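A.B. asks: Fit the two chains together into the complex; they arrive one by one in their own frames, and the hints show the way.
Here is how the chains run, residue by residue.
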Amino acid sequence: MAIKWNPILEGEELHADRVQDIGQAVVDQINAVGSNQIAESGLNWENFQSDAVVIQWNQNIETGTRTLNADTAAASGSAWMGNPFTNEVDDARDPEWDLSTTPTGNQLTIGSPGWQRIHNLTLDSAADLKSDNSNSLLVLGESYAFLLSNLAEDTTEPTPHHLLFTVVVVKAINAVGTEVLVPLPTTLRWVGADTNTNNSLPTASGWVATGYGATGSGSYASQKNWIRKNMPFRTLITYGDIHAKTFDGNAEDSTDNNDIKRVLGVSIYACLKNCSKTWRGFGTKAEIRERVLTAIEFRAKVASLTKETAISYP
Amino acid sequence: MPTYSGGNHQDWSTSSVRDGAEVSDPDTYMGRMYAPQTGGTGYNSFEAINGQLQNDDLIVATPIIYRHLQRNSLCNGKMVGLTGNGDYRADCFWSESTGDGKNYRLIPGTGINFHLPSDSLVIFTWMIGGATSIRFDENRTCRMQLVIDDWRDTEAPTTGVVAPTGRRHLVDGVHAPAGSGTSSTRDSARIRRPHRDRVWAGHYGVELSAGWHKAGIAAYQRDRTLKFRVRNMKAIWFSKSPPLGE
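Order-wise, the sequence lines are chains V and R.
Take the first sequence: its position 42, counting from 1, is numbered 42 in our numbering, and each next residue is one higher.
Take the second sequence: its position 63, counting from 1, is numbered 63 in our numbering, and each next residue is one higher.
For the record, the hints were derived by calculation from the structure and aren't laboratory data.
Keep in mind that this is a model prediction, so the values were computed, not measured.
Where hints are given, some of them may not hold.
[Stated by the list, open to error] Heads up, simulated DSSO-like pairs for lysine-lysine below, C-alpha to C-alpha not over 30 Å straight-line: (1) R/Lys240 / V/Lys171; (2) V/Lys130 / R/Lys240; (3) R/Lys240 / R/Lys78; (4) R/Lys227 / R/Lys78; (5) V/Lys171 / V/Lys130; (6) R/Lys227 / R/Lys214.
[Said to hold, decoys possible] Chain V stretches covered by chain R per the calculated footprint, using a threshold of three residues with CB under 8 Å from any CB of chain R: (7) 55-68; (8) 226-239; (9) 289-296.
[To be verified] Partial list, computed: chain V residues near chain R (C-beta under 7 Å): (10) Glu10; (11) Ala52; (12) Asp132; (13) Leu140; (14) Leu188.
For every residue, glycine included, the Cβ atom is placed at its ideal position computed from N, Cα and C.
Okay, chain R solo, but in the shape it has when bound (with noise of 0.2 Å):
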């Protein structure tokens, strides 16, 4: 951002902005504030923040160089992200007893939508955490998976596809002791153990063509109940085309 000169800003006020007991007038004012103005001294209008710079803001020949690009025309992004626990019974949520690419479900918070202006190199990054009451070494884990352009519950069966990041897991959490007694007894004194509670800190990077894309994190487990943690689901996006059509 250049230095803006900034200017007289009583020129918003004079005359028809205030009444005769100087009362202000906010639409007008406001107006005045940012009005579209790309030439002439006008009211010094902010509307430079928005990247309409006037003649006063440049030094004369001096050019317009990669400084003077609106902000975030080379670099933008987007973020989404859920607040609370996402709860799940597994068997009302997933159907199918596999774990194919067809049966996972977006995880809600975690699914973003954007638009490229331009062919960009895109990189997410996402944190999700969450627990399963999955038992110890039942081998039917929580699993995650980025999917990219692909709500995958939605469309057609993706058996086979893998994810490009691969899979991830909310490990098993819910220990029944070992030693002796019977089965019986030691399942009564099953508990939980928080601190298996797990964390996906994940990112990638592709690039993608302009216009519109989603990408999100898709789970599925065969039974019982787990619960997501949804922090964030992050989208940054740099150019990969000259900027202004150059």
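Chain V on its own, in the form it takes in the complex (with noise of 0.2 Å):
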């Protein structure tokens, strides 16, 4: 953040008036700093107030490998991992969670077909979101997704559209003291299979002589598993993030200053997705090795307020 005056030149008549102006620009900016002044979607240590304070902090580190089999899909209309409805013929459709208008339910469809956790972080203690946004949630998180191929990791297959989606999911209470699952949308991430086959070219590439890919075949681009992708995310989780009315205590309209949120902690939900009807045949598989996921709770307030008026300053 810079601020910016015109400062006083070597030789400047320097009158009282403009003297004034220039101080007074300076008042006003410290007074009124706007946000565009603030780096943009960029994490930095200026958009945490100077006063920031980490409550609690916690971080869970998994590096076995996590595999994801969608199996179930030898024939169009079959069910797949990742969407909640039982017939997957539209090509479009992404995956979906519940857009459940209950108060006590999970937010989105687990198991298979469903999201499947792939980590999962549980905090040492509870933390209560408040209405005033006056805390939050600092959640970084990351998947290396290692592998993405046909179930078979045959690489002579044709390599259909194949899809790897990640999503945040904070573990919150609702009003009678149930968890229930509600996954952040704005953290969702995908990644898409990779293949051998330079499909970039015209079919009628004379290096390609034969199988998938040759000549005149129509092009289909053969399997290659490993993908090697990262899918990270860093997001700050507010009492207003949390669109659910799954929390402890009030009403989701509410306007109480004192309504909270309890959230127990944050997951990693993965699913598959296999786009292309001709090639759901061979079923999609994941892997996903290493997952990072960390959580820390700010409050932007000293921890200790009563210790306040013993600090002498400077």
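C.D. replies: As structure tokens, then:
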């Protein structure tokens, strides 16, 4: 954040009004710092209030391989992991979560078909996000998608339009004290499968002799198993970000300043999707290696306010 | 930041600042503008910006509270980066044939040094991308890992040391088409696949003690060439000690 003002130039005539104007401009700037003077979309210390205090933090790193299989898709119309519906006819349909209007249910479908949890982090103590947004939960996460392929990892087979999705899910407490799952739509990430064949070349390319991708064959792209793609997210969660009627205590439309939404932890959920009707029979498989999930609860106040009066300054 | 009352800034330009022809004297002017001053009214110095509150800025009988803490006394950060491409020929940079910890080298632009005034929670975030000319399925792809307080290549062998977040790869990016034909004809048709460039946007949190620390992304690749594009490496820290000797 830079404060801009017109400096006095050497030799400039210095009238009292000029000095007053410059001084006042700086005062105005100090007292009304605009949001456009804060770096946009970048996580840095300037994003935090100068008195931001960490209440608690927790981190969980998994290095073992987590495998997801979508093997129930032998025919069009079968259910796919990640899709809460039982009929996957519409190729354009993205994975969805349940837009539950009830105050007690999970907001996404778990299981197969459905979303699978690939990483989990439980806070040491529940974070009560307040309706005045005076506290927050900074969540940073990353999944390393190592493999995305057909079920058999067969590199001679065509590469259907495999997709792997991840989303951050908050574990919140509903009005009757039950843990429910609330996805955060802005944290949805996806990666696609990779292919061995240079399908950017015209189909008449002479260097592809036979097989999938061969000249005039229609250029099926064959499978490449490893993708090694990074699926990161960095998000700040406040009271208003948990869009659900599933929190402890007050009604969602309450205007009580003391409203809270109690968060027990955060998770990463994943699902698979094959968007190619023709090749659904090959199934879809994903291997996810390293998963890192970090959550930090902030309060924009010094933790022990009773000591404020004891601070001598400077 | 409390509201700063400002004041009469004409004080800065009285008498000695101006000569008879009203020609400015920048040194005197700037001196008064930021004159250290914790009492009296003086020149209404802007030193308040730097934490030197004057009596006039304080409301009588109101204690100084957390809002008056100097900016970044509780949290602060630092960022490094690089704007250019870093090109590597593997046989010039990595002499070992194994990917032991000692053989990893720090990537310029990702190495960050910083000083913690107190014990702190430190969050590292970074974004690094690149490309490698390793051929498909050679399984010798570039490996990257986070190192903290340890520049791998300058210290004793650290075989077996596991990076805190595990390792990431730049994926094999050169393709010789499959199908029929001799190996030589396939090799002659090799193409590089730009869409195989990879990015690692990673993070790691750790509690570190007061003092100097360093961190960075180290890499290893046995063969061929590779290219790194570093965007940034950040360290953001939050003090775990009560402020001001509380």
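A.B. asks: Does each hint hold? Answer for all of them.
C.D. replies: A quick look at each hint next to the structure:
Between R/Lys240 and V/Lys171, the direct Cα distance comes to roughly 27 Å. Compliance with the 30 Å bound is thereby established for this hinted pair. A hinted pair counts as satisfied when its Cα atoms are at most 30 Å apart, and V/Lys130 with R/Lys240 qualifies at roughly 23 Å. Our distance criterion of 30 Å between C-alpha atoms is met by R/Lys240 and R/Lys78, whose separation comes to about 18 Å. Distance hint between R/Lys227 and R/Lys78 is fulfilled; the C-alpha atoms sit about 25 Å from each other, no more than 30 Å.
For a cut-off of 30 Å, the pair hint linking V/Lys171 to V/Lys130 stands: about 16 Å separates their Cα positions. With a C-alpha separation of about 23 Å, the suggested pair R/Lys227 and R/Lys214 falls inside the 30 Å cut-off, and the hint holds. As drawn, the stretch 55-68 of chain V meets chain R at 4 residues by the rule of a beta-carbon pair under 8 Å; at three or more, the given contact holds. Under a criterion of three residues with beta carbons nearer than 8 Å to beta carbons of chain R, the stated coverage of the stretch 226-239 of chain V is upheld, 7 such residues being counted.
For a cut-off of 8 Å, the count of residues in the stretch 289-296 of chain V with a CB near a CB of chain R stands at 5, and the three-residue condition holds. With a least beta-carbon distance of about 6 Å to chain R, the hint placing V/Glu10 at the interface is held under the 7 Å criterion. The criterion of a C-beta within 7 Å of any C-beta in chain R is met by V/Ala52, whose closest approach is roughly 5 Å, and the hint holds. A hinted interface residue such as V/Asp132 counts as satisfied when its beta carbon comes closer than 7 Å to some beta carbon of chain R; here the least separation is about 16 Å, so the hint is violated.
Residue-level restraint check for V/Leu140 holds (minimum Cβ-Cβ distance to chain R is 4 Å; threshold 7 Å). A cut of 7 Å between beta carbons decides the hint on V/Leu188: the least distance to chain R is about 16 Å, and the hint is violated.
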